[in-house]
Amino acid sequence: DAKTTQPPSMDCAEGRAANLPCNHSTISGNEYVYWYRQIHSQGPQYIIHGLKNNETNEMASLIITEDRKSSTLILPHATLRDTAVYYCIVRVNTGNQFYFGTGTSLTVIP
Amino acid sequence: NAGVTQTPKFQVLKTGQSMTLQCAQDMNHNSMYWYRQDPGMGLRLIYYSASEGTTDKGEVPNGYNVSRLNKREFSLRLESAAPSQTSVYFCASSEWLTGDRETQYFGPGTRLLVL
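Chains as they are written, first to last, in the numbering used here: chain U, 1 to 110; chain D, 1 to 115.
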């Protein structure tokens with residue numbers, strides 16, 4: 001019962017913006033969209049989250065479409081250290097669970 | 001602050017052996033979680049604890065038990081290990097269980113091999 005859909009892999013040139021898409025067409029009105037990343041089998045690292053409005057922090061920007069059915073994580077100037085698996089997560093209303101899915105494997109190329 | 005710590009880092013068990021994975025957090029968080037991650041897959045929730053004294057099943061609880069020892073510590077026990085439990089186990093914590101303030105912070109993981 002997938003809650004989010006992400007491309008399995010993407011490449012990005014170092015220094016360019018990395019745009020990672022996510023579809024969450026069944027999202028409910030009060031469910032947040034979270035983004036985490038996992039670098040080389042380390043513990044996942046929180047990046048950003050949002051409900052309706054676009055969000056920005058020191059790591060990334062999150063663009064959520066007006067209908068909230070999809071979002072894009074933007075890493076403005078990708079570096080080699082941003083190579084990781086990126087997970088788009090919608091918290092399920094019941095069960096208090098984060099469904100991580102398989103994420104997008106981002107490779108930043110020198 | 002150390003954040004979320006897990007012990008041990010690595011463990012090899014024989015089928016049928018038991019063991020307890022330990023997790024502690026120093027962020028005064030109320031909620032704690034145990035996940036497993038199999039090769040090439042995302043994380044799956046095993047158990048969680050909304051607050052001290054409470055625990056609930058996640059997506060894949062069979063074969064595991066948990067104890068929320070106090071606010072800081074949340075342990076995961078395998079009573080009779082099976083090869084299917086070979087995985088990487090991650091512990092996480094968050095300030096609260098629901099709502100906007102649910103950012104989860106993860107430990108470094110325990111790599112378990114069951115022969």
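FYI, nobody ran anything at the bench for these hints, they're computed from the structure.
We put the beta carbon where it would ideally sit given N, CA and C, even for glycine.
Heads up, a few of these hints could be off.
[Claimed, not checked] Covered stretches of chain D, going by a simulated chain U footprint (3 or more residues, C-beta under 8 Å): (1) 42-55; (2) 82-88.
[To be verified] The calculated label-pair distances, taken between Cβ atoms and stated as ranges, are: (3) D:Gln17 - U:Ala17: 47 to 53 Å; (4) D:Arg111 - U:Met59: 25 to 31 Å; (5) D:Asn70 - U:Asn53: 36 to 42 Å; (6) D:Glu59 - U:Arg81: 41 to 47 Å; (7) U:Pro110 - D:Glu73: 40 to 46 Å; (8) D:Ser67 - U:His77: 41 to 47 Å; (9) U:Thr5 - D:Asn65: 31 to 37 Å.
Now for the hints, and whether the structure bears them out:
With a cut-off of 8 Å between beta carbons, the segment 42-55 of chain D has 6 residues touching chain U; three or more are needed, and the interface restraint holds. Three residues within the 8 Å Cβ limit are the bar, and the segment 82-88 of chain D against chain U gives 1, so the coverage statement is violated. A hinted range of 47 to 53 Å for the beta carbons of glutamine 17 (chain D) and alanine 17 (chain U) is consistent with their spacing of about 49 Å. Arginine 111 (chain D) and methionine 59 (chain U) have their C-beta atoms about 27 Å apart, which keeps the hinted 25 to 31 Å range intact.
Separation of asparagine 70 (chain D) from asparagine 53 (chain U) is about 38 Å and conforms to the stated range, judged on CB atoms against 36 to 42 Å. In this structure the hint that glutamate 59 (chain D) and arginine 81 (chain U) lie 41 to 47 Å apart at CB is violated, the actual value being about 31 Å. Range check, proline 110 (chain U) to glutamate 73 (chain D): Cβ separation about 43 Å, and the 40 to 46 Å hint holds. Between serine 67 (chain D) and histidine 77 (chain U) the CB atoms are about 45 Å apart, so this pair conforms to the stated range of 41 to 47 Å.
Here the CB-CB span from threonine 5 (chain U) to asparagine 65 (chain D) is close to 34 Å, well matched to the stated 31 to 37 Å.
Of the numbered hints given earlier, the model fails hints 2, 6; all others are met.
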